[in-house]
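Participant: Sequence:
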Amino acid sequence: MGRVRRLGLVAVLLLVWQYVSTSVLDETARVLLPPPMAIFSAAWELMVSGDLWRHLGDSLKREAVAFLWATIAIPLGIAMGWWKAVDEQFDPLMEVLRPIPPLAWIPLSILWFGIGDTQNQFIIFLGVFFPILLNTITGVRGVEPNLVRAARCLGASEWAILSRVVLRAALPQIITGIRIGLGVGWMALVAAELVGANSGLGFLINDARTILRTDYIIVGMATIGVVGLLIDAAIREVMRRVLPWSRAM
Numbered sequence: 001m002g003r004v005r006r007l008g009l010v011a012v013l014l015l016v017w018q019y020v021s022t023s024v025l026d027e028t029a030r031v032l033l034p035p036p037m038a039i040f041s042a043a044w045e046l047m048v049s050g051d052l053w054r055h056l057g058d059s060l061k062r063e064a065v066a067f068l069w070a071t072i073a074i075p076l077g078i079a080m081g082w083w084k085a086v087d088e089q090f091d092p093l094m095e096v097l098r099p100i101p102p103l104a105w106i107p108l109s110i111l112w113f114g115i116g117d118t119q120n121q122f123i124i125f126l127g128v129f130f131p132i133l134l135n136t137i138t139g140v141r142g143v144e145p146n147l148v149r150a151a152r153c154l155g156a157s158e159w160a161i162l163s164r165v166v167l168r169a170a171l172p173q174i175i176t177g178i179r180i181g182l183g184v185g186w187m188a189l190v191a192a193e194l195v196g197a198n199s200g201l202g203f204l205i206n207d208a209r210t211i212l213r214t215d216y217i218i219v220g221m222a223t224i225g226v227v228g229l230l231i232d233a234a235i236r237e238v239m240r241r242v243l244p245w246s247r248a249m
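Quick note: the sequence shown, position 160, residue 160 per the working numbering, numbers continuous.
Among the hints, a few may not be true.
[Claimed, not checked] In silico lysine to aspartate or glutamate, EDC-like type, Cα no more than 20 Å apart, as pairs:
{"hint": "1", "residue 1": "K84", "residue 2": "E144"}
{"hint": "2", "residue 1": "K61", "residue 2": "D51"}
{"hint": "3", "residue 1": "K61", "residue 2": "E95"}
{"hint": "4", "residue 1": "K61", "residue 2": "D232"}
{"hint": "5", "residue 1": "K84", "residue 2": "E158"}
{"hint": "6", "residue 1": "K84", "residue 2": "E95"}
[Said to hold, decoys possible] Have a look at the derived ranges for each label pair, beta carbon to beta carbon:
{"hint": "7", "residue 1": "L60", "residue 2": "A29", "range": "30 to 38 Å"}
{"hint": "8", "residue 1": "L93", "residue 2": "T118", "range": "45 to 53 Å"}
{"hint": "9", "residue 1": "M47", "residue 2": "L154", "range": "57 to 65 Å"}
{"hint": "10", "residue 1": "G142", "residue 2": "W44", "range": "47 to 55 Å"}
{"hint": "11", "residue 1": "R164", "residue 2": "W69", "range": "52 to 60 Å"}
{"hint": "12", "residue 1": "E95", "residue 2": "T22", "range": "52 to 60 Å"}
{"hint": "13", "residue 1": "V238", "residue 2": "L212", "range": "51 to 59 Å"}
Since the hints were derived computationally from the structure, they do not count as laboratory data.
Backbone N, C-alpha and C fix where the C-beta goes; we use that ideal spot for every residue, glycine too.
My request is simple: use the sequences and hints to build the entire structure.
Facilitator: See below:
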């Protein structure tokens, strides 16, 4: 029943939007806020032409490549969380870099890598890396000490303790970091594409702005939101299947 009510509310809002845009706003204002039917028509146009799928594919590819690079945060986080000496070496640098927003790196990254995939992937990497790192460190430090002591009493080596006890116990927190990191990376990617790309959803939005196609802009924004929701839902489903006993997600 609750779902029906929510869908009903969305339908009412769309009807009000359609009425205001077509009957209340003048022609100039209608260009800035097109009616829902015009947006649906623009979405269909972009899908049929293949432009939407091409830009979406480029954005997802950049996100995936950057995520693979960012997984280096997992072994680094385990080392920082487990060995104090490693933490003392890396923590000051990480604490300096962590508060810098990924978008602040855009001007410098354009100078370093130019406009293209490498520059975009670098921005995403920064967005994904730190949430994974911090959650991995937190997960390792939160492992129940009794589990570690029991493993040592049974003669487990340091590597066995890390791989079979610490990593498994910290896995829910690590996946939480991946979930957060992919969300941050997705937002950072689109922002980076607005100024430093020749394809992708961010580029689609910015290109539509130059020709005053607000319907394309809204389609791009909606696509970003829906894809972000699907990525998050996919990670949650993986968590439920792989670690059904965990409530971290």
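Participant: Against which earlier hints does the structure fall short, listed by number upward?
Facilitator: 3, 8, 11, 13
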